[in-house]
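Turn these sequences into a full structure, and let the hints guide you.
Using UniProt numbering, you'd call the opening residue of the sequence shown number 1 and step up by one each time.
Calculated directly from the structure, the hints in this document are not laboratory data. Zero decoy hints are in this set.
Keeping only pairs whose Cα atoms sit at most 27 Å apart, straight-line, the calculated BS3-like set for lysine-lysine is:
| id | residue 1 | residue 2 |
| --- | --- | --- |
| 1 | 198 | 112 |
| 2 | 239 | 198 |
| 3 | 237 | 2 |
| 4 | 2 | 243 |
| 5 | 2 | 199 |
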Amino acid sequence: MKIDINADLGEGFLFDEELMQMISSCNIACGGHTGTENSMRATIRLALKYGVTIGAHPSYPNPEFFGREVMDISDEMLKKVIRDQILTLIRIAREEGAVVRYVKPHGALYNKASVDRNMAALLVSVLQQIEPSVGLMGLAGSVLEEEAKKGYLIFLREGFADRTYHDDGTLVSRNNPLGVIHNKEQVWQQVSDMVLNKKVISLEENEINLDLHSICFHGDTPEAVELLTYVNHQLKKQKIEVKNAI
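Here it is in structure tokens:
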């Protein structure tokens with residue numbers, strides 16, 4: 001049995017290299033919510049060093065909110081800024097002898113594309129223009145998955161190790177005190193349910209069926225290294241291999 005573990009990296013936090021050694025895919029910030037050419041290059045080099053698959057992590061261009069607020073921006077302008085972010089990472093990766101295998105939207109862009117069909121279709125159209133063979137990672141069971149399949153894109157169904165879910169499969173807001181899981185045993189229980197049982201227990205205490213390609217750990221929490229170290233140890237005990245999905 002195997003599962004892909006991904007994390008958002010290149011966001012200016014201090015433990016990227018520690019996390020990189022415990023994951024199989026990395027989502028690299030490419031200038032929307034954060035990220036410079038230098039940080040992209042450094043993160044790509046770490047990914048190459050540890051054999052980690054590279055993904056682009058584009059965002060609304062609002063670094064003051066870390067990409068976690070929806071922007072009032074035209075579709076054409078949003079397409080341009082997303083395309084520019086992805087192409088910048090692709091260019092730098094090529095210069096470093098690496099390949100960008102997939103795209104995962106960040107923050108508010110991710111959340112909106114999960115429930116808003118127009119936004120989902122916009123993201124799909126950007127990828128079709130850039131490179132249709134690049135995968136698109138997003139929330140399992142979302143409208144983004146539906147639109148990606150309509151557009152004949154490779155879709156990587158994602159779940160979250162350290163976030164809680166509502167009954168409809170959407171994520172509980174970070175503004176809710178119960179939206180983020182900080183306890184390592186609880187995180188492992190959720191990961192175990194996802195991998196072994198293909199389900200997750202919602203905040204409302206109901207079962208949600210989830211068949212995933214990848215599980216995300218957020219790299220911007222103080223306990224990220226501790227959580228991932230613990231979960232990796234448990235996965236090894238269960239003989240579950242951490243392996244890229246694309």
